[in-house]
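Given the sequences, and given the hints that come with them, work out the whole structure.
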Amino acid sequence: MTATLKQPVSACPACSVVPAAEALAETKPVSGDIALSLPTIHCAACISKIERGLAAHPGVLAARVNLTLKRATIEAEPDVTAAILCNVVEGLGYEAHELDPSALNATSTDRAGRELLMRLAVAGFAMMNVMLLSVSVWSGAEAATRDMFHWISAAIALPAIAFSGQPFFRNAWTALRQARLNMDVPISLAIGLAVVTSLWETSLSGHHAYFDAAIALTFFLLIGRYLDHRTRAVARSAAEELTALEVPRAWRVVDGAEKEVSISDIAVGDLVRVRPGGRVPVDGDIVEGQSEIDRSLLTGETLPVFAQEGLAVSAGEVNLTGPLTIRASAVGRDTSLHRMADLVAIAESGRSRYTSLADSAAKLYAPGVHILSALAFVGWYLYTFDMRTALNIAAAVLIITCPCALGLAVPAVTTAASGRLFRKGMLIKHETALERLAQVDTVVFDKTGTLTEGLPELTNLEQLPRPDVELAMALAAQSSHPLAKAIFRAALDAGFAAAQVSEAREVPGYGVEAVFEGQPVRLGRAKWLGAEPLAETASYLQIGEEVPLAFRFKDALRAGAEDAVRTLRESGKTVCLMSGDTTPAVEALARRLGIENWMSEALPEHKARRIQDMTQDGAHVLMVGDGLNDTAALAAAHVSISPASALDAARVASDIVLLGNDLSPVSDACTTAKSATKRIRENFRIATLYNIIAVPLAVAGLATPLIAALAMSASSITVSLNSLRVKGRG
Amino acid sequence: MNILTYLIPISLILGGLGLGFFIWTVKTNQYDDPDGDAQRILSDEYDDRPKP
Numbered sequence: 001m002t003a004t005l006k007q008p009v010s011a012c013p014a015c016s017v018v019p020a021a022e023a024l025a026e027t028k029p030v031s032g033d034i035a036l037s038l039p040t041i042h043c044a045a046c047i048s049k050i051e052r053g054l055a056a057h058p059g060v061l062a063a064r065v066n067l068t069l070k071r072a073t074i075e076a077e078p079d080v081t082a083a084i085l086c087n088v089v090e091g092l093g094y095e096a097h098e099l100d101p102s103a104l105n106a107t108s109t110d111r112a113g114r115e116l117l118m119r120l121a122v123a124g125f126a127m128m129n130v131m132l133l134s135v136s137v138w139s140g141a142e143a144a145t146r147d148m149f150h151w152i153s154a155a156i157a158l159p160a161i162a163f164s165g166q167p168f169f170r171n172a173w174t175a176l177r178q179a180r181l182n183m184d185v186p187i188s189l190a191i192g193l194a195v196v197t198s199l200w201e202t203s204l205s206g207h208h209a210y211f212d213a214a215i216a217l218t219f220f221l222l223i224g225r226y227l228d229h230r231t232r233a234v235a236r237s238a239a240e241e242l243t244a245l246e247v248p249r250a251w252r253v254v255d256g257a258e259k260e261v262s263i264s265d266i267a268v269g270d271l272v273r274v275r276p277g278g279r280v281p282v283d284g285d286i287v288e289g290q291s292e293i294d295r296s297l298l299t300g301e302t303l304p305v306f307a308q309e310g311l312a313v314s315a316g317e318v319n320l321t322g323p324l325t326i327r328a329s330a331v332g333r334d335t336s337l338h339r340m341a342d343l344v345a346i347a348e349s350g351r352s353r354y355t356s357l358a359d360s361a362a363k364l365y366a367p368g369v370h371i372l373s374a375l376a377f378v379g380w381y382l383y384t385f386d387m388r389t390a391l392n393i394a395a396a397v398l399i400i401t402c403p404c405a406l407g408l409a410v411p412a413v414t415t416a417a418s419g420r421l422f423r424k425g426m427l428i429k430h431e432t433a434l435e436r437l438a439q440v441d442t443v444v445f446d447k448t449g450t451l452t453e454g455l456p457e458l459t460n461l462e463q464l465p466r467p468d469v470e471l472a473m474a475l476a477a478q479s480s481h482p483l484a485k486a487i488f489r490a491a492l493d494a495g496f497a498a499a500q501v502s503e504a505r506e507v508p509g510y511g512v513e514a515v516f517e518g519q520p521v522r523l524g525r526a527k528w529l530g531a532e533p534l535a536e537t538a539s540y541l542q543i544g545e546e547v548p549l550a551f552r553f554k555d556a557l558r559a560g561a562e563d564a565v566r567t568l569r570e571s572g573k574t575v576c577l578m579s580g581d582t583t584p585a586v587e588a589l590a591r592r593l594g595i596e597n598w599m600s601e602a603l604p605e606h607k608a609r610r611i612q613d614m615t616q617d618g619a620h621v622l623m624v625g626d627g628l629n630d631t632a633a634l635a636a637a638h639v640s641i642s643p644a645s646a647l648d649a650a651r652v653a654s655d656i657v658l659l660g661n662d663l664s665p666v667s668d669a670c671t672t673a674k675s676a677t678k679r680i681r682e683n684f685r686i687a688t689l690y691n692i693i694a695v696p697l698a699v700a701g702l703a704t705p706l707i708a709a710l711a712m713s714a715s716s717i718t719v720s721l722n723s724l725r726v727k728g729r730g
Numbered sequence: 001m002n003i004l005t006y007l008i009p010i011s012l013i014l015g016g017l018g019l020g021f022f023i024w025t026v027k028t029n030q031y032d033d034p035d036g037d038a039q040r041i042l043s044d045e046y047d048d049r050p051k052p
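Just so you know, the protein sequences line up as chains A and B, in that order. Each residue of the first sequence is one higher than the one before, counting from 1 in the numbering used here. Each residue of the second sequence is one higher than the one before, counting from 1 in the numbering used here.
Derived from the structure by calculation, the hints contain no laboratory data. C-beta atoms are modelled at their ideal positions from N, C-alpha and C, and glycine is treated no differently. The reader is advised that the hints may include incorrect statements.
To be verified - With a cut-off of at most 16 Å between alpha-carbon atoms, the simulated EDC-like pairs for lysine to aspartate or glutamate come out as follows:
hint, chain 1, residue 1, chain 2, residue 2
1, A, K70, B, D37
2, A, K70, B, D32
3, B, K27, A, D110
4, A, K554, A, E587
5, A, K70, B, D33
6, A, K674, A, D441
7, A, K70, B, D35
8, B, K27, A, E115
9, A, K49, B, D44
10, A, K70, A, E98
11, A, K527, A, E546
12, A, K554, A, E462
13, A, K554, A, E536
Stated by the list, open to error - Estimated spans, in silico, between C-beta atoms of each pair:
hint, chain 1, residue 1, chain 2, residue 2, range
14, B, I13, A, A56, 42 to 50 Å
15, A, H42, B, Y6, 46 to 54 Å
16, A, A56, B, Y6, 51 to 59 Å
17, A, A267, B, I41, 49 to 57 Å
18, B, V26, A, R52, 25 to 33 Å
19, B, L17, A, E90, 42 to 50 Å
See below:
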């Protein structure tokens with residue numbers, strides 16, 4: 001709502017896509033200050049146990065746990081690293097993750113929120129005192145006493161309004177300078193005019209002064225602003241934490257020795273070591289090592305790609321089996337990760353066209369109020385030729401119509417709805433996301449990492465002979481490759497025990513080999529064993545020179561995926577699937593979930609263009625995706641959701657982040673959004689109804705400060721109570 | 001009506017005191033961790049004696 005409270009919108013699209021990189025470029029983490037995320041703490045015992053444990057560790061100067069943020073801040077000597085402290089906390093029995101302190105800066109100093117709270121407090125205390133005096137006037141204080149009370153009210157209200165009303169005055173001024181009208185213009189005008197006419201009345205020892213109305217107006221409106229700010233501050237701090245969990249570090253190789261450095265310190269031509277399980281930090285070419293790399297976050301392909309010397313890799317890909325050394329060819333802003341930002345920028349321009357309900361109400365409301373008040377002024381002036389009466393009535397009209405309830409109508413509902421969704425594991429990042437979500441009629445899902453876990457699941461365990469499975473299990477135990485892990489897990493769950501093998505060793509990029517009862521045995525990719533590769537994801541086992549045996553896999557469905565798709569279809573929405581994966585894989589999943597519209601082998605541009613086409617045909621598209629190849633589509637869609645496991649860039653491009661692993665809240669969110677939008681409209685109607693009753697009184701010159709105060713408080717309270725009803729609905 | 005000369009300043013001073021205390025709580029970060037503070041009150045670790 002207010003320009004001063006808005007998250008700074010970066011003009012550079014790359015900055016908005018990869019905020020961590022931006023933050024890193026500006027601020028280096030302070031050495032010795034460490035932040036840990038502690039997702040499982042919940043009570044006083046946890047706090048004191050962790051604080052005591054950390055403080056007992058040598059080198060730790062101070063440790064403080066924040067239960068609200070589930071985070072610990074530790075001051076320590078420079079030689080104490082976060083990894084050591086993570087181990088300390090894990091030794092105490094709690095989960096701990098390192099956070100990148102530079103990505104958390106904005107949360108720790110929430111200055112805008114504190115400033116608003118201060119203004120709110122000043123307005124509140126001033127209002128109570130002024131109200132006290134006003135009640136005496138209303139209950140019959142006369143002559144000199146009344147004048148004195150009015151003067152004291154003025155002495156309290158004027159400085160209080162000058163301090164508390166600043167956000168409104170500043171916004172109104174900004175809007176007027178750009179020749180626009182927003183809700184803050186009638187607000188500032190009403191407050192200003194009320195104060196001026198009341199001062200004039202008081203100096204002429206008149207009967208009616210509106211000091212209480214002016215300060216009450218400021219107080220109620222500040223509540224709306226503060227609620228609005230809190231909602232977004234909570235979302236922002238949680239989003240920041242997700243970003244901070246990915247600490248941007250890399251291992252640079254200098255003269256054969258590895259050194260841990262920040263990604264921003266890597267230059268073109270540097271050698272970078274990527275360990276198995278690690279993410280490739282920069283674009284480059286492999287100069288040493290063999291492995292397999294997972295490109296699913298960039299392309300949506302589930303099958304890992306074989307990697308050896310000379311292959312070009314891009315930032316964001318995950319190294320699976322063997323260590324790789326890469327010569328950096330592009331770093332920071334030049335990596336392919338950042339080039340995607342151009343696509344996002346193009347798509348973003350389409351979204352900014354959405355006007356929120358509050359803005360469209362302000363567009364109707366502000367000119368209407370001004371015209372009405374001007375007409376009342378002119379009419380009364382022509383009727384009585386008395387400037388004082390005319391101005392008094394014009395001020396009364398402005399105060400009574402002042403959008404006090406309107407200022408609460410939207411933030412109260414969004415706070416209630418966001419709080420409800422947050423408890424279900426959804427983070428509403430964008431202020432108008434709920435309104436846009438309520439309009440959705442088409443839902444587009446990405447496949448890998450969104451509808452599926454991105455983790456393989458063994459499908460043909462029953463058809464395989466038991467001794468072979470036990471042998472494969474023994475080999476699979478040697479590797480951290482996802483397929484090997486899947487074989488081991490599936491066999492273990494089925495109650496198998498690994499066979500005894502000797503001389504087991506992993507051949508990075510190919511598989512695992514060992515000796516079993518004097519024969520060489522191998523588990524790995526088809527080419528390595530000379531097998532005929534199948535169309536689907538598979539791993540192969542060969543004993544001696546026998547024909548290789550295939551272990552087939554499918555991608556495991558994410559929890560709640562079936563549920564989410566079914567309920568969305570039942571509520572009459574069109575569900576589509578768009579993936580960069582191969583046709584058979586996508587078709588199989590689409591059939592499994594009963595999705596008729598699907599698209600495979602889609603490039604990022606195709607996804608975005610398809611969504612733009614749908615939008616042009618009048619559809620309101622919700623995009624759910626996680627990969628870098630989805631960012632453009634996420635930005636192009638009317639509203640977008642990404643899981644917490646998504647790449648940073650995808651999370652930034654989306655309006656809502658799913659914190660849990662479960663997909664089923666997606667359909668709940670649509671229901672809640674609809675109910676919230678309904679409440680917002682109801683609130684507008686309630687506020688209008690109050691105006692319809694009170695405005696004729698004001699125009700007729702019958703409104704007193706008492707009536708104004710009653711109308712204002714009654715409508716604000718009704719609107720707030722109505723907003724709470726969002727929570728009651730399933 | 002003379003009583004007003006005492007009562008009005010008193011009410012203003014009390015209101016001002018309340019405001020002053022509130023501003024002090026905001027300035028000393030007392031709203032940073034409401035959940036934690038609610039739990040810390042149950043721990044006897046901090047209460048035996050004033051912190052050195």
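Going through the hints against the structure:
1. K70(A) x D37(B): Distance ~13 Å between K70(A) and D37(B) Cα, so the pair holds.
2. K70(A) x D32(B): Holds - the C-alpha atoms of D32(B) and K70(A) are around 12 Å apart, at most 16 Å.
3. K27(B) x D110(A): Distance ~12 Å between K27(B) and D110(A) Cα, so the pair holds.
4. K554(A) x E587(A): The given pair, whose Cα atoms are some 12 Å apart, holds under the 16 Å limit.
5. K70(A) x D33(B): Given that 16 Å is the threshold and the Cα spacing comes to 10 Å, the pair holds.
6. K674(A) x D441(A): Between K674(A) and D441(A) the Cα gap is close to 12 Å, so the pair holds against 16 Å.
7. K70(A) x D35(B): Distance ~10 Å between K70(A) and D35(B) Cα, so the pair holds.
8. K27(B) x E115(A): With a Cα-Cα distance of about 10 Å, the restraint between K27(B) and E115(A) holds, given a limit of 16 Å.
9. K49(A) x D44(B): holds, 13 Å
10. K70(A) x E98(A): holds, 12 Å
11. K527(A) x E546(A): holds, 15 Å
12. K554(A) x E462(A): holds, 15 Å
13. K554(A) x E536(A): holds, 8 Å
14. I13(B) x A56(A): 42 to 50 Å: holds, 48 Å
15. H42(A) x Y6(B): 46 to 54 Å: holds, 52 Å
16. A56(A) x Y6(B): 51 to 59 Å: holds, 58 Å
17. A267(A) x I41(B): 49 to 57 Å: holds, 53 Å
18. V26(B) x R52(A): 25 to 33 Å: holds, 29 Å
19. L17(B) x E90(A): 42 to 50 Å: Holds - the Cβ-Cβ distance for L17(B) and E90(A), about 48 Å, lies within 42 to 50 Å.
Of the numbered hints stated above, none is contradicted by the structure.
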